[in-house]
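Participant: The whole structure should be built from the sequences, with the hints applied where relevant.
Protein chains: 2
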Amino acid sequence: MKALKKVPKSKIVYAFSPKHKPAEHVKPGEEISLELEDAFGGQVRDEKIAIEKLDWSKVNGATGPIYIEGAEPHDTIAVRILDVKVADKGIIAVIPKQGALKEKPFKAKIKVVPISGGYAHFEREKVKVNPMIGTIGVAPKNGEQPTGTLGRHGGNMDVKEITKGATLYLPVFTKGALFAAGDLHAVQADGEACVSAIEVAGEVTLTFDVLKNLSISWPILETEDCYAVLTCGDSLDEACSLAVEEAVKALMREHGWSFEEAYMFTSLAVDLKINQVVDPKKGVRAVIPKRYVSIESFHVGDFRH
Amino acid sequence: MKALKKVPKSKIVYAFSPKHKPAEHVKPGEEISLELEDAFGGQVRDEKIAIEKLDWSKVNGATGPIYIEGAEPHDTIAVRILDVKVADKGIIAVIPKQGALKEKPFKAKIKVVPISGGYAHFEREKVKVNPMIGTIGVAPKNGEQPTGTLGRHGGNMDVKEITKGATLYLPVFTKGALFAAGDLHAVQADGEACVSAIEVAGEVTLTFDVLKNLSISWPILETEDCYAVLTCGDSLDEACSLAVEEAVKALMREHGWSFEEAYMFTSLAVDLKINQVVDPKKGVRAVIPKRYVSIESFHVGDFRH
Numbered sequence: 000m001k002a003l004k005k006v007p008k009s010k011i012v013y014a015f016s017p018k019h020k021p022a023e024h025v026k027p028g029e030e031i032s033l034e035l036e037d038a039f040g041g042q043v044r045d046e047k048i049a050i051e052k053l054d055w056s057k058v059n060g061a062t063g064p065i066y067i068e069g070a071e072p073h074d075t076i077a078v079r080i081l082d083v084k085v086a087d088k089g090i091i092a093v094i095p096k097q098g099a100l101k102e103k104p105f106k107a108k109i110k111v112v113p114i115s116g117g118y119a120h121f122e123r124e125k126v127k128v129n130p131m132i133g134t135i136g137v138a139p140k141n142g143e144q145p146t147g148t149l150g151r152h153g154g155n156m157d158v159k160e161i162t163k164g165a166t167l168y169l170p171v172f173t174k175g176a177l178f179a180a181g182d183l184h185a186v187q188a189d190g191e192a193c194v195s196a197i198e199v200a201g202e203v204t205l206t207f208d209v210l211k212n213l214s215i216s217w218p219i220l221e222t223e224d225c226y227a228v229l230t231c232g233d234s235l236d237e238a239c240s241l242a243v244e245e246a247v248k249a250l251m252r253e254h255g256w257s258f259e260e261a262y263m264f265t266s267l268a269v270d271l272k273i274n275q276v277v278d279p280k281k282g283v284r285a286v287i288p289k290r291y292v293s294i295e296s297f298h299v300g301d302f303r304h
Numbered sequence: 000m001k002a003l004k005k006v007p008k009s010k011i012v013y014a015f016s017p018k019h020k021p022a023e024h025v026k027p028g029e030e031i032s033l034e035l036e037d038a039f040g041g042q043v044r045d046e047k048i049a050i051e052k053l054d055w056s057k058v059n060g061a062t063g064p065i066y067i068e069g070a071e072p073h074d075t076i077a078v079r080i081l082d083v084k085v086a087d088k089g090i091i092a093v094i095p096k097q098g099a100l101k102e103k104p105f106k107a108k109i110k111v112v113p114i115s116g117g118y119a120h121f122e123r124e125k126v127k128v129n130p131m132i133g134t135i136g137v138a139p140k141n142g143e144q145p146t147g148t149l150g151r152h153g154g155n156m157d158v159k160e161i162t163k164g165a166t167l168y169l170p171v172f173t174k175g176a177l178f179a180a181g182d183l184h185a186v187q188a189d190g191e192a193c194v195s196a197i198e199v200a201g202e203v204t205l206t207f208d209v210l211k212n213l214s215i216s217w218p219i220l221e222t223e224d225c226y227a228v229l230t231c232g233d234s235l236d237e238a239c240s241l242a243v244e245e246a247v248k249a250l251m252r253e254h255g256w257s258f259e260e261a262y263m264f265t266s267l268a269v270d271l272k273i274n275q276v277v278d279p280k281k282g283v284r285a286v287i288p289k290r291y292v293s294i295e296s297f298h299v300g301d302f303r304h
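Chains C and X, in that order, give the protein sequences.
Going letter by letter, the first sequence gives residues 0 to 304 in numbering that gives the first Met the number 0.
Going letter by letter, the second sequence gives residues 0 to 304 in numbering that gives the first Met the number 0.
Simulated from the structure, these hints should not be mistaken for laboratory data.
Note that the coordinates shown come from a computational prediction; the quantities given were computed from them, not determined experimentally.
Be a bit skeptical, because a hint or two may be false.
[To be verified] Short derived list, chain C residues pointing at chain X, Cβ under 8 Å:
#, residue
1, I91
2, I94
3, A99
4, K110
5, Y118
6, E122
7, D189
8, E191
9, S240
10, W256
11, Y262
12, M263
13, F264
14, T265
15, Y291
16, I294
[Stated by the list, open to error] List time: in silico DSS-like cross-link candidates among lysine-lysine, alpha-carbon distance up to 25 Å:
#, chain 1, residue 1, chain 2, residue 2
17, X, K110, C, K289
18, X, K26, X, K10
19, X, K103, C, K248
20, X, K10, C, K248
[Said to hold, decoys possible] Chain X is faced by these chain C residues, among others (derived, beta-carbon under 8 Å):
#, residue
21, A22
22, A49
23, I50
24, V93
25, F105
26, P113
27, G117
28, A119
29, F121
30, C193
31, S195
32, D224
33, C225
34, L267
35, L271
36, I273
Cβ coordinates follow ideal geometry from the N, Cα and C atoms, glycine included.
Facilitator: Now the structure itself:
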């Protein structure tokens, strides 16, 4: 049996960029494991450290990039998330002027959160863990994007459903795609209200497929029952309009419906959900049950009908 | 056995107002049934009618108001939804310059949707019904509010979880509360993207309780597992900030946590969800599992700790 390829957390980038040299190459279908540093770059070891003393150039890194053999611009890669393992200790922080309540006066605070028995232990309460990948994406179309932001290339999307068993479809803009992942969360609610979740180090195991006949406009997440279009904008309202537009187009392609019919159906069967409200761009997902669309419905091209 | 009180759909109002004469009076715990007209005021009988020919003064009505004995300003009423029955035919419409894609060019269109066997039948597809109350509220604090809008008094909130089995807590601003409900939907997704859902006539059966020692800032929905704070704002972002603020305050009261701790915990355990993106104000809900709060956590007053 061939040894699983492993990428150590020392292979860290702070931007998604077509100029980066690959940390590793993989073939479609080949399993690879990435070791991930936590979003604070491992700088927070206890609750005594002052937030303002952190080296912010070492925050929000991602492991990679991974060159996927055969991936070319206009293709789509399917990232299958086989496993997400997190460490037994995470960190959550509030930072003044950050998060959904950034207008309120409050102090910086860091909390170390033990993780055991499938729960994160916060004071006397516990929250069931749901290990997820906060930052996941490819080199963008134009220039480079810091790993702390998000866009059509993926990035810091903070979607709590990007977890073990899910498949994330990402558009390819650069030969080899140049994939990277970081910002593991042991658990995060939709919204990530305070700007951080339980930030944790860990390891993810993935495979990649290259879909040559599929071009997509935004990342698409496939879960057991649904496809979700992951959009972002300067406001949640903008992100929602973009998500509805993609859902309507997919339904038109799949069913041969008019714009008006697909728009109606979206109102009935497509849930608009919040990913996060705290990153440089706000993110939402339009969640469409699989009975109504297939991944091919998201192909940007002529309508099939 | 005493006959169930029934309010016919002819008892319709187009505003929540402290000036309205009650259509009926009920005692706490007394069952009452309200017959509801559909949101188009029953004007759409087939797909041939032109949207612009509708009498818009007859749209978005609510049945009521109901005077709840013993309810006084600063109290809270608990509206227990015992049943929501819908007719076997609904209507959905798209209207130019309305909905999440109001900037796009499209035509007015009306579709009559048959409802049978627990499904709404849309073209060759079907969507499982989830009968819900779109408009539900009380007379507001100041002046009157059209039944088409929403606020701290409830109103046109379009929350898909306001359905059979749920309990809605509403602040009381006027003696008797002056409750009304309308805008039934056979099914609606989170977002109500196109501005309408499957608009349908029907009947709701309710009881009311008066909570004398509870004052709340926003409507609170209780479902089997969760409490949800229902806020609204000019943007989704504003609605989210308001919802997070209420969640943080509830967690502080319940657990004796600092603002910073409650803000952190909100990021882990409180899902921000979209109600609708298409009404005069955008609405969200902050969903908090019952293991972390009780209805008393939402009482506006001194912290218990």
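Participant: If a hint holds in the structure, say so; if it doesn't, say that too.
Facilitator: Against the structure, the hints come out as follows:
1. This hint holds: I91/C has a C-beta 5 Å from the nearest C-beta of chain X, less than the 8 Å allowed.
2. Checking I94/C against chain X: minimum C-beta separation of about 10 Å lies over 8 Å; hint violated.
3. Annotation: interface hint on A99/C holds; nearest CB of chain X at approximately 4 Å, less than 8 Å.
4. Against a cut-off of 8 Å between C-beta atoms, the interface hint on K110/C holds, since the closest Cβ of chain X lies about 6 Å away.
5. With 8 Å as the threshold, the beta carbon of Y118/C stays out of range of chain X, its nearest partner Cβ sitting at about 11 Å, so the hint is violated.
6. A cut of 8 Å between beta carbons decides the hint on E122/C: the least distance to chain X is about 7 Å, and the hint holds.
7. Against a cut-off of 8 Å between C-beta atoms, the interface hint on D189/C holds, since the closest Cβ of chain X lies about 4 Å away.
8. Interface restraint check: E191/C against chain X, minimum CB-CB distance 5 Å, threshold 8 Å, status holds.
9. Restraint check, S240/C versus chain X: the minimum CB separation of about 5 Å is within 8 Å; hint holds.
10. Interface restraint check: W256/C against chain X, minimum CB-CB distance 7 Å, threshold 8 Å, status holds.
11. With its C-beta approaching chain X no nearer than about 4 Å, Y262/C sits inside the 8 Å limit, and its interface hint holds.
12. The beta carbon of M263/C is positioned within 8 Å of a beta carbon in chain X (closest approach about 5 Å), and the interface hint is therefore held.
13. The closest approach between the C-beta of F264/C and any C-beta of chain X is roughly 6 Å, which is under the 8 Å cut-off, so the hint is satisfied.
14. The beta carbon of T265/C is positioned within 8 Å of a beta carbon in chain X (closest approach about 4 Å), and the interface hint is therefore held.
15. Interface hint at Y291/C: satisfied, since its Cβ lies 7 Å from the closest Cβ of chain X, which is below the 8 Å cut-off.
16. Using the Cβ-Cβ criterion of 8 Å, the hint placing I294/C at the interface with chain X is not satisfied: the shortest such distance is roughly 18 Å.
17. For a cut-off of 25 Å, the pair hint linking K110/X to K289/C stands: about 24 Å separates their Cα positions.
18. The straight-line distance between the Cα atoms of K26/X and K10/X is roughly 19 Å, inside the 25 Å bound, and the hint therefore holds.
19. Annotation: proposed proximity of K103/X to K248/C holds, straight-line Cα distance about 13 Å (limit 25 Å).
20. Proximity of K10/X to K248/C is assessed by CA-CA distance (about 42 Å); at most 25 Å being required, the pair is judged violated.
21. For A22/C, the suggested interface contact is broken, since its CB lies about 31 Å from the closest CB of chain X, more than 8 Å.
22. The criterion of a C-beta within 8 Å of any C-beta in chain X is not met by A49/C, whose closest approach is roughly 14 Å, and the hint is violated.
23. At its closest, the beta carbon of I50/C sits 11 Å from a beta carbon of chain X; the interface hint therefore is violated under the 8 Å criterion.
24. Evaluation of the V93/C hint against chain X yields a held restraint, the C-beta minimum of about 5 Å falling below 8 Å.
25. For F105/C, the suggested interface contact is upheld, since its CB lies about 5 Å from the closest CB of chain X, less than 8 Å.
26. Using the Cβ-Cβ criterion of 8 Å, the hint placing P113/C at the interface with chain X is not satisfied: the shortest such distance is roughly 14 Å.
27. The beta carbon of G117/C is not positioned within 8 Å of any beta carbon in chain X (closest approach about 14 Å), and the interface hint is therefore violated.
28. Hint status for A119/C relative to chain X: holds, with the closest Cβ pair at about 7 Å, below 8 Å.
29. Here the hint on F121/C is kept, as its CB sits about 6 Å from the closest CB of chain X, short of 8 Å.
30. Hint status for C193/C relative to chain X: holds, with the closest Cβ pair at about 4 Å, below 8 Å.
31. The beta carbon of S195/C comes within 7 Å of a beta carbon in chain X, closer than 8 Å, and the hint placing it at the interface holds.
32. Interface restraint check: D224/C against chain X, minimum CB-CB distance 13 Å, threshold 8 Å, status violated.
33. Using the Cβ-Cβ criterion of 8 Å, the hint placing C225/C at the interface with chain X is not satisfied: the shortest such distance is roughly 12 Å.
34. Taken as an interface hint, L267/C checks out: its beta carbon lies about 5 Å from the nearest beta carbon of chain X, inside 8 Å.
35. Interface restraint check: L271/C against chain X, minimum CB-CB distance 3 Å, threshold 8 Å, status holds.
36. For I273/C, the interface hint holds, since its Cβ comes within 8 Å of a Cβ in chain X; the closest pair sits about 5 Å apart.
Of the numbered hints stated above, those contradicted by the structure are hints 2, 5, 16, 20, 21, 22, 23, 26, 27, 32 and 33, listed in ascending order.
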